[in-house]
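Chains as they are written, first to last, in the numbering used here: chain A, 3 to 194; chain B, 3 to 194.
Some hints could be false.
Here are the simulated lysine-lysine pairs, BS3-like style, with alpha carbons at most 27 Å apart [said to hold, decoys possible]: (1) A:K15 to B:K86; (2) B:K15 to A:K22; (3) B:K22 to A:K22; (4) A:K15 to A:K86; (5) B:K22 to A:K15; (6) B:K86 to B:K15; (7) B:K22 to B:K86; (8) A:K22 to A:K86.
Because the hints were derived from the structure by calculation, they are not lab data.
Number of protein chains: 2
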Amino acid sequence: MQEIVDFILELDKLKGVTRKVRPLGLERYENSAEHSWHIALLAASLVRFAEPGVDLARVVAMLLVHDIGEIDAGDVIFFAEGGKAERQAAERAAVERIFGLLPDGQGAGFLALWQEFEEGSTAEARFAHAADRAMPVLLNLNNHGQSWRENGISYERVVAGVAPPIRAGCPALWEYLAVRLEAAREQGLFGA
Amino acid sequence: MQEIVDFILELDKLKGVTRKVRPLGLERYENSAEHSWHIALLAASLVRFAEPGVDLARVVAMLLVHDIGEIDAGDVIFFAEGGKAERQAAERAAVERIFGLLPDGQGAGFLALWQEFEEGSTAEARFAHAADRAMPVLLNLNNHGQSWRENGISYERVVAGVAPPIRAGCPALWEYLAVRLEAAREQGLFGA
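Modelling step: build the complete structure from the supplied sequences, incorporating the hints.
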């Protein structure tokens with residue numbers, strides 16, 4: 003039991019890993035723990051638009067663990083250029099350390115979920131990625147493009163970055179967002 | 003799709019509902035969104051100690067939605083005396099409003115999960131309650147009794163409040179906590 007408690011207290015640190023988007027109406031930045039909660043419910047709400055047969059429980063479990071590597075490695079904006087291999091290696095080392103706190107190989111199940119999300123090759127992982135990529139877009143669309151403007155992210159970079167994973171995982175969601183992103187461009191919600 | 007998006011943006015408000023416990027090492031108070039994420043992973047980590055046959059996916063789903071009523075009703079410390087019926091009614095009205103944002107009766111599934119947690123009569127709901135009640139205890143045990151001392155909560159009130167639900171939902175977790183709480187009393191981590 004003590005090993006499980008040590009693991010859970012280690013996870014507490016994800017509440018201190020901040021992202022670039024602010025929750026609507028709040029001054030502070032979002033953290034990766036509350037983000038993980040939010041996208042788990044986004045996936046659950048969108049399940050009618052998932053590929054037939056998608057196992058929602060596995061999608062939710064993946065989304066709850068997908069950012070845990072940031073406890074050691076920090077959050078890096080999705081649009082960062084370069085250093086991707088180093089970041090992936092750092093997050094991999096982090097989750098091996100953290101899931102390794104659990105007894106009797108119990109961490110292997112969590113690590114497999116994390117790995118499945120990283121690889122993105124199952125229908126569940128693709129759907130999970132769509133939720134993860136869509137959430138900051140939805141917040142920005144309703145927050146005057148806050149993190150796009152603060153970080154100088156253009157319309158073209160947003161679309162090039164998020165269209166492929168969202169279209170692959172949840173085409174109906176991409177159809178909705180494409181129209182809203184085009185309107186946001188006309189309203190000047192993007193960085194240069 | 004717009005109705006689902008409206009629902010998800012409404013959920014964003016739970017990130018602004020603060021609780022009485024602070025995450026370890028942070029000055030700010032915990033919010034109910036990150037708390038929900040944390041206890042979903044606590045339940046997943048403790049599943050070997052759940053009643054045989056417990057459906058972990060339903061436990062996780064319950065924990066992700068159980069605090070959504072606080073968006074309208076706010077968080078009230080578990081040890082508050084009185085007003086329980088009014089709080090329950092306010093939270094019930096809130097979740098009916100919020101889950102009602104979803105199209106085609108889709109909110110009924112979420113409402114059923116919320117209701118199952120509230121009633122606490124299934125094995126899944128009991129296990130979920132144990133995780134929900136144990137998490138602030140674990141944080142306080144590792145945070146010098148921060149919220150107990152700040153709110154004048156005695157050892158006796160903590161034990162009277164959390165022992166029954168944790169013992170009912172996860173006896174092994176209560177055995178662990180009972181020893182730690184006794185040690186914390188000797189260290190003076192409680193309020194008067």
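Against the structure, the hints come out as follows:
1. A:K15 to B:K86: violated, 32 Å
2. B:K15 to A:K22: Status holds; Cα separation ~17 Å.
3. B:K22 to A:K22: holds, 26 Å
4. A:K15 to A:K86: OK: K15 (chain A) and K86 (chain A) at ~23 Å, within 27 Å.
5. B:K22 to A:K15: holds, 17 Å
6. B:K86 to B:K15: holds, 23 Å
7. B:K22 to B:K86: Status holds; Cα separation ~18 Å.
8. A:K22 to A:K86: holds, 18 Å
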